[in-house]
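> This is what each chain is made of:
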Amino acid sequence: MAQTLYTKDHEYVRVEGDVGVVGITDYAQNQLGDVVFVELPTVGKAFRKGEQAAVVESVKAASEVYAPISGEIIDANAALEDAPALVNEDSAGRGWFVKMRVADRTELDGLMDEAAYAEFLKTVV
Amino acid sequence: MAPFAGYDMPVQYPEGIVAEHTWTRENAGLFDVSHMGQAVLEGPGAAAALETLVAAEIVGLPERRTRYTQFLNDDGGILDDLMVTRLPARAPGEDCLFLVVNAACKEADFALLRERLPHLGLTVLSDRALIALQGPKAVEVIAAAGWPGVAALPFMGWASAGASGGPGADLWFSRSGYTGEDGFEISAGPDMAASLAHRLLKDARVKPIGLGARDSLRLEAGLCLYGHDIDEATSPVEAGLSWSIGKRRRTEGGFPGFERIARELRDGPARKRVGLLLEGRQPAREGAEIIDAAGAAVGRVTSGGFAPSLGRAIAMGYVAAGCAAPGAALSAVVRGKPLPARVVPLPFVPNKFVR
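In order, the protein sequences belong to chains A and B.
Note that our numbering gives residue 30 to position 30 of the first sequence, counting from 1, and the numbers run on in steps of one.
Note that our numbering gives residue 176 to position 176 of the second sequence, counting from 1, and the numbers run on in steps of one.
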C-alpha cells in the first residue's frame, strides 16, 4: 500500500514498495507560483537525505528541492521538460520530480504523514 | 506580500505572475506604485539648474511633456533614473518641474537636490499616490472612468484634471509607463487616490498587478531596473541610454561625469548592456556569469527570468563591447552549466507606445 510522507521543506515522497516517488507539495507549488523550469538529477545518481537533488524555477525565483530520503535516482519525470506547469496543475500526480530507490526505511520514520503535515502547515501560514 | 524599499508590496495576486503579465499585455493592468518618490522642483532657472545633475535636455523640454533621464555622479555613474515633466509655471519666469524617482533612492535624491540646488524650491509630494494603468485597453478604461481627454495625449505627454476640487483632488496623467505598453502613470492627490483606484478596478478590463509581473513586463520591454541593470558604476552610455542624453548637452556638457560620457560617446564604451535570448526555458538570473564561445568570461547578467510573452528565458547584462553585437553567441552559466544564448536587440517584445 502506498503511503505519502512529507518534509518540513514541503517535499513529498510517496512510498510504493521500495520505490519513493518524490515531488513538491501543493502548498509549495502555490508558494512558488508559475513553474517555468525544473532541473532534475540524472538517473543513477545517488543522494543522501537532505541533499539538494533538484531545482525548481518559477517566474519569481529559483528554489532548491532536497532529497526527502537517501537513495539512488531510478527515474526522472521527462514530461516536466516541456510542461513544467504540471507542477502547478498536479503536483501530487503528473507533476512528480523523480523516483528514488529507498535506501534506508528507517528514514521514513522521521517524516510527517498526511495529518502531521496538515498540522505543520497551520504553523507556517 | 514582500518588503520592497521599505514598503510592504504585493509580489503577486492569486492568479499569479504569468496571468497578470498576459492580462496587462492584452487588457489593462493596475499597478500601485505609490512607493515611488514624487516631488516638484521650481523656481527661476530650475530647468537649467537641474541640467547640472542630469544629461537630458531639460531647458528645451516643452510644457506638459515628460522626459526620462538619470542623476549622475562625478564619474558619470548613475545615482538614480527618473522622469521629469515640465508643469505649467506657477509664477512668471519660473520653471516648475515634476520629478518621479525610485523608492529606494528617493531620500538620497531629494537630499542631493537640496544640497546642490539650495536656491530652488523642492516640495516632496509624499501625500500623492501613483497609480499606473498599463496595457492596450488603458486609454479606453480611463476615458470610460470619466477622463476622455487622455486619449488625445501623445506618448510622454501630461495633463491634469480635477484641480477645481483643490490640490488634494487633482489627478496628473502622464502617458508613460514601465511595461512597453501604451498606458498612463497617474499621480493622485490624497482625496482622490483610493477612489481613483477603486473606480479603475471596477472596470472588467482592469486587474491589479503585483511586483512580479511588473518586473517580467519591464524586462521584456528591455527597461532598466535601478540597482540591478544600472547603478553608480554604470554610465548611461554603457547602459544603452545614450538616446536620453540631449544633443546640445553632448557637446556643451555641464553635467557630472561629462568627461567619461563624452569619451564613451566618441570611442564607444568598453562594455555594453545587451539583451540575451536564451535557447530554452531555464532562466539565467542576476549575477550569472556570461561566457563567450571559447568559455572566457565576458560579463554578467543583471536581470533575467522567464518571459511569459515569449515562452522562454531572457536576460539583460553587461558584456565586453566586442561581443555585444546582435547575433553574438554567448552562454550564461547557471549552477555550473552554460546555457546557450544569443545577443538580441532590445526590447525583446516590441513596444506599443502611442506615437
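In short, the hints are calculated from the structure, not lab data.
Be careful, since some hints might not be right.
[Unchecked claim] Below, computed lysine-lysine pairings styled on DSSO-like, alpha-carbon distance capped at 30 Å: (1) B:K207 - B:K352; (2) B:K337 - A:K45; (3) B:K202 - B:K352; (4) B:K337 - A:K99; (5) A:K49 - B:K337; (6) A:K8 - B:K202; (7) A:K45 - A:K122; (8) B:K247 - B:K337; (9) A:K49 - A:K122.
[Claimed, not checked] Not everything, but these chain A residues come out facing chain B in the computed CB check (under 7 Å): (10) K8; (11) G33; (12) D34; (13) V36; (14) F37; (15) L40; (16) E57.
[Stated by the list, open to error] Counterexamples of contact, computed for chain B against chain A with all Cβ distances above 10 Å: (17) V18; (18) K207; (19) G257.
Note that the coordinates shown come from a computational prediction; the quantities given were computed from them, not determined experimentally.
For each residue, glycine too, the CB sits at the ideal point set by N, CA and C.
> For every hint, state whether the structure bears it out.
Hints versus structure:
{"no.": "1", "hint": "B:K207 - B:K352", "result": "holds, 19 Å"}
{"no.": "2", "hint": "B:K337 - A:K45", "result": "holds, 17 Å"}
{"no.": "3", "hint": "B:K202 - B:K352", "result": "holds, 25 Å"}
{"no.": "4", "hint": "B:K337 - A:K99", "result": "holds, 23 Å"}
{"no.": "5", "hint": "A:K49 - B:K337", "result": "holds, 24 Å"}
{"no.": "6", "hint": "A:K8 - B:K202", "result": "violated, 41 Å"}
{"no.": "7", "hint": "A:K45 - A:K122", "result": "violated, 35 Å"}
{"no.": "8", "hint": "B:K247 - B:K337", "result": "violated, 44 Å"}
{"no.": "9", "hint": "A:K49 - A:K122", "result": "holds, 25 Å"}
{"no.": "10", "hint": "K8", "result": "violated, 22 Å"}
{"no.": "11", "hint": "G33", "result": "holds, 5 Å"}
{"no.": "12", "hint": "D34", "result": "holds, 4 Å"}
{"no.": "13", "hint": "V36", "result": "holds, 4 Å"}
{"no.": "14", "hint": "F37", "result": "holds, 4 Å"}
{"no.": "15", "hint": "L40", "result": "violated, 12 Å"}
{"no.": "16", "hint": "E57", "result": "holds, 5 Å"}
{"no.": "17", "hint": "V18", "result": "violated, 4 Å"}
{"no.": "18", "hint": "K207", "result": "holds, 16 Å"}
{"no.": "19", "hint": "G257", "result": "holds, 34 Å"}
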